[in-house]
Amino acid sequence: MDYFDRFAIPHPSPVIYASMVAIGITVLAIIAGLTYFKKWGYLWREWLTTVDHKRIGIMYLISALLMLFRGGVDAIMLRAQLSVPENKLLDAQHYNEIFSTHGVVMILFMAMPFIIALMNFVVPLQIGARDVAFPRLNALSFWLFFMGAMLFNISFVVGGSPDAGWTSYFPLAGNEFSESVGTNYYMIAIQIAGIGTLMTGINFMTTILRMRAPGMTLMKMPMFTWSSLITNLIIVFAFPVLTVTLAMGTMDRLFGTNFFTTDNGGMDMLWANLFWVWGHPEVYILILPAFGIYSEVISTFARRNLYGYKSMVASMVAISFLSFLVWAHHFFTMGQGALTNSIFSITTMAIAVPTGVKIFNWLLTLWKGKIVITTPMLYSLLFIPLFTLGGVTGVMLGMSAADYQYHNTMFLVAHFHMVIIPGVIFAMLAGLTYYWPKMFGFMLNERIGKWAAWLIAIGTLVAFMPMFFSGLDGQARRMYTYSESTGFGIYNMISFIGALVLAVGFVLIVYNIYYSTRYASRDISSDPWDARSLEWATHTPVPEYNFAILPQVNSTEALWDAKKKGHVLFKGEYEKIHMPNNSGVPFIMGCIFFAWGFSFVFGMWIPLILTTIGIFACMALRSFEKDHGRYISVEEIEETETKLRGAN
Amino acid sequence: MKIDNSLPLEYSTEENRLKVLGFWIFLGAEIMLFATLFATYFTLFDRTAGGPTGAEIFEITPVLIETILLLTSSFTIGLGIHAMRLGNKKAMLSFFAITLLLGAGFLGFEIFEFVTYVHEGAGLQTSAFTSILLTTLGTHGAHVTLGLFWGLFIILQVKKRGLTPETANKSFIFSLYWHFLDVVWIFIFSFIYLKGMM
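Chains as they are written, first to last, in numbering that gives the first Met the number 0: chain R, 0 to 647; chain A, 0 to 197.
There could be a bad hint or two in this list.
As the list claims (entries may be wrong) - Only some residues are given here: those of chain R computed to face chain A with a beta carbon under 7 angstroms: (1) P239; (2) T256; (3) N263; (4) G264; (5) G265; (6) K564; (7) S622.
Calculated from the structure, these hints are not laboratory results. Note that the structure is predicted; figures quoted are calculated from it, not measured. We put the CB at the ideal spot given by N, CA and C, even for glycine.
Could you build all of it, start to finish, from the sequences and the hints given here?
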């Protein structure tokens, strides 16, 4: 039995045993349900083997929502533990594990797939393309992300969760101080998901650069597509750094190398540097697509062209460049010296300039607009003041001398939550509500949606504003408890209440999905928001080939021109359409990667070698495979088009 | 599939053009990967912790042989692509085979070099310097190894299916990859070996 001891949880508690049982029951229920309703074939044919960007986008979306709840439960547990002084709900080890997984899950397995979900669904439609450049690679990207996320999530029931923070700084993350396999999970699960993301970056850059509709020059692309292009550029240049860093961390833990160790010449600060050379651009990978969504939503519901299109593009290019030059501001206090700190302070504050340009552009788009307050617009309007709060506290943190006061306190925690929640999460929820009718053919209930938006905005303020104060008062982050005499109790109790309000907001969104699925009208037009760009020019639901005839474009707002100025989008006759075939290989390869990662985490070398061979066998198979895709005939297109037009 | 005959075979369809561009972007990511390794190397190269230094273990002869083998292989794959554009399948396959043989020779010398290092007490775990040295060289070596299998598959496919837009595209992309490994090697040769020996 010694062999199996390694899979045991190092710090078991009744909660973890209960989760094991819950996971077991859920898996059995899913298997039984699929068998009872005879859906295995449907699942395999329509979803697991699909290469359609729309379906892959929806799978990303479902995964992101699931992970949102995993990370959300973590958050509630953290806030509950801190709500009163000297609380005994969690011990120090569990608290460490939970704040580590909360960070990783929320950034890498919730926010990332959420933006990639919207990118997958929207970008090809918005540029008038029929799919992405490499549809099968896209499926592989998804399955690698998904398997990485699953591998990370089983850590808390098999072998132990990572407990060195989402940044996993060495030497804390080294073998000496993190004895369980938790940090191995961190290194390898993120590695697998990261490779998937890198391939997404390559895929979307190629798609946007080469597959735009006739007439759509770069400066006529909708703003979300622009933001996606810049984001993917950052992905391509930032993620390889993460790949190497994680590989070196893995080798330190499993092969005894000396990259980040404290003896034999290793340099622990190297991890911090390399991590943030990836980590800071990652922040902009999250926020730029969010800015893209806001641009779409604000110009649609202000019924005006986006103000300052060129300056929007220029500021994104500037942000992408600066994002690589600010990484040291994450550790001003770790002894680089005054000169280095000053340089990084200046580059950090410089980022506020292009960001400010964007804020003013949105405000000027709203100015004199005929504003329609829908749920997506409500999120966008709430975003501007709340994000500004997070942004200006960021500039405070960016001043290196003052940072000695704020570093590692709740002030920092408040800052980045005030940036990420109003910045990224509001945008994703706005995007979800905005694109929901295009994805599923009905609209989410506006009344429930607005309630959720207000609750989430108020919850964010109530949860995070007190942290600014307790942080300035000296409450350190990542401490599992504090004594009553510190006086932090009241701040943390308010934060806990805010977290509960946020939780109610998110539950309301789930209820809205349930409610609207049951009761919402299916009789909606293909353009229910009266929008401006090409994704609304095709039918709802979108046929698999997206556009029967490729659209002709001559401005940034092609559909608006078609509606208001008599521009003809679709000219010419139907022609047969070439589409890629479905394939099971990406899914199978994802499963092998999961087994590979699991073997690696536990240092099981024979399964590791076998699965490595399996991965290369899949690649060889792909090389020799003859797959020329298939054609959709003109008759088929005519039939589909007639049917869909009737539905509208 | 629309084939544009005014362009070389590897660029003749839209799918092929997409693949070539996608691969260039992938090479951009690869540059970042090696740049990270080099940055780490420059940070750690004098942290030998009492273990061997670069000057003590580097030997010019095997390194020069490796360099000559790899640079020549880059030349021969260029000839192979030239032959492919002329439609000379036999010459192309011969040049591809020579390229792979030179690559295998390179790899043989590199393995020999690694064994020598370990014998001299410069193993993966010895010091921060040896860790990053062997990781950087090893990453390049692993790329060459992958390239050998990839190249072999391409030779088999061209042999069986002839020069089609698909196989030509694969061969061309493989040649980009091979040239890239050569470029990386030039940096390794200059900044790891020559600088280390000085």
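Going down the list of hints, with the structure as the test:
1. Look at R:P239: its Cβ gets to within about 4 angstroms of chain A, closer than 7 angstroms, so that hint holds up.
2. The interface hint given for R:T256 is met, as the beta carbon of that residue sits about 4 angstroms from the closest beta carbon of chain A, less than 7 angstroms.
3. At a threshold of 7 angstroms, the smallest CB-CB gap from R:N263 to chain A is about 4 angstroms, leaving the interface hint in force.
4. Restraint check, R:G264 versus chain A: the minimum CB separation of about 3 angstroms is within 7 angstroms; hint holds.
5. Hint on R:G265 holds. Least Cβ distance to chain A is approximately 5 angstroms, under the 7 angstroms limit.
6. With 7 angstroms as the threshold, the beta carbon of R:K564 stays out of range of chain A, its nearest partner Cβ sitting at about 31 angstroms, so the hint is violated.
7. Checking R:S622 against chain A: minimum C-beta separation of about 5 angstroms stays under 7 angstroms; hint holds.
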